[in-house]
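Asker: Sequence:
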Amino acid sequence: MRSNPNGVPGMNDELKVFSAVAVTHTRHSSQSGAKPLDGIPVLESVAVTPPAAKYAKYRWCDYIELRCMTHVDHRFSRDALAEALKESEEVSGDESDMNPDEFIISDEDENSEEVIELETEKNDRDESFSATYFKHLRWRSTTFGSDWPFVIDEHAREIAIKPTLEISHYFYLHLLLSSLLKYCPNKRRKTYTGSFEEISLTIFRRLMPPGSEVHSFGAAHSKRYTGHLFERLTKLTTDIRGNFLLTQQDFPKNDAGDGGLDLVAWNDLKDTRDHIPIALAQCGCTADGWPNKMLEASPAKLGKKLITGHDWATYYFMPLDLTDERDGQMCWQEWRDINGVIVIDRLRLIRLADSAALAKSNLLAKSAIDEALGMRLT
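All residue numbers for the sequence shown refer to the numbering used here, where the first residue is 1 and numbers rise by one.
Please note that the accuracy of each hint is not assured.
[As the list claims (entries may be wrong)] Straight-line alpha carbon distances no greater than 30 Å define the calculated DSBU-like cross-link-like pairs of lysine-lysine that follow:
#	residue 1	residue 2
1	K253	K270
2	K162	K182
3	K304	K187
4	K293	K304
5	K235	K182
6	K190	K301
7	K54	K182
8	K235	K162
9	K253	K301
10	K270	K293
11	K54	K86
Rather than coming from a laboratory, the hints here were simulated on the basis of the structure.
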């Protein structure tokens, strides 16, 4: 059994097998074979802070980890983050909850006592945010344990990449970069989004009862469901023994999308009647808009058109880390926005997955991760 920080139950060893083979990462040399694909780098504009509210700790901690990955020394400090926050406010004009009129400063006033006090207040606020995010990184260190690919130097008030990266660390970094598509050029995003759906499928299959049928429904990966969306949904309706109320005329002529479904599963219970176990899932790498995306595969959206004897279970797979700590117990960040679905986020993905098997199946974007590690930015 894995350790149980903060009293949170761990997963059985049979659900998680770590590779004993370490992949050595040398901090002061470039990564072999880590070259841009078709001349397009895997990351861009990493110095630009995320367009996220300051309370969104998961977004800012991901950004800190990104800056650490791409830093010339593979380190990133609280002071560097506070400076980045200050620079982003100067560029965007974002002054949090403070009145922007307070920061319209004339030349003769720039050295006044009031202006100095306001600047001090801004700097204190940025340092406070920075301290909050680094405190949450300590939570990640405890929660993800040996799977977290970073270490915290409390004396230097910074994080650093571990000198030796194992397969489980690459899996974490894969999920991290999948959460940061804003920094990934459009032509490189499939590096993460395509394999994320396949990774989710392997875990979805593990979660289903023995004897279940489990398939991809997404347009890019499905073999069972092909053609026009109406035809695919009609076949799915037959599989899950339901009734589909829409007709061909309700869909655009060339609609080859997925209708909000990426993964489907059912168990026929060894007869031909309805009222069987069904599960539908959506996979999303988006850092914005995920509360609405969670509902795309749910009865709340489809239930009036796709009628089944029993409402299906809805899953949402996401690479974001929504864990938080409250009163010594694990809880959710953004809990108010989490809808009535089963959420498989970064921690659950890592605890449920077999990292070595994913690497063996070439589902981890190791070369792209090595490329990111070799960028050597400031």
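Asker: Indicate, hint by hint, whether the structure satisfies it.
Answerer: Going through the hints against the structure:
| no. | hint | verdict |
| --- | --- | --- |
| 1 | K253 / K270 | violated, 37 Å |
| 2 | K162 / K182 | holds, 25 Å |
| 3 | K304 / K187 | violated, 37 Å |
| 4 | K293 / K304 | holds, 18 Å |
| 5 | K235 / K182 | violated, 36 Å |
| 6 | K190 / K301 | holds, 27 Å |
| 7 | K54 / K182 | holds, 17 Å |
| 8 | K235 / K162 | violated, 48 Å |
| 9 | K253 / K301 | holds, 22 Å |
| 10 | K270 / K293 | violated, 33 Å |
| 11 | K54 / K86 | holds, 13 Å |
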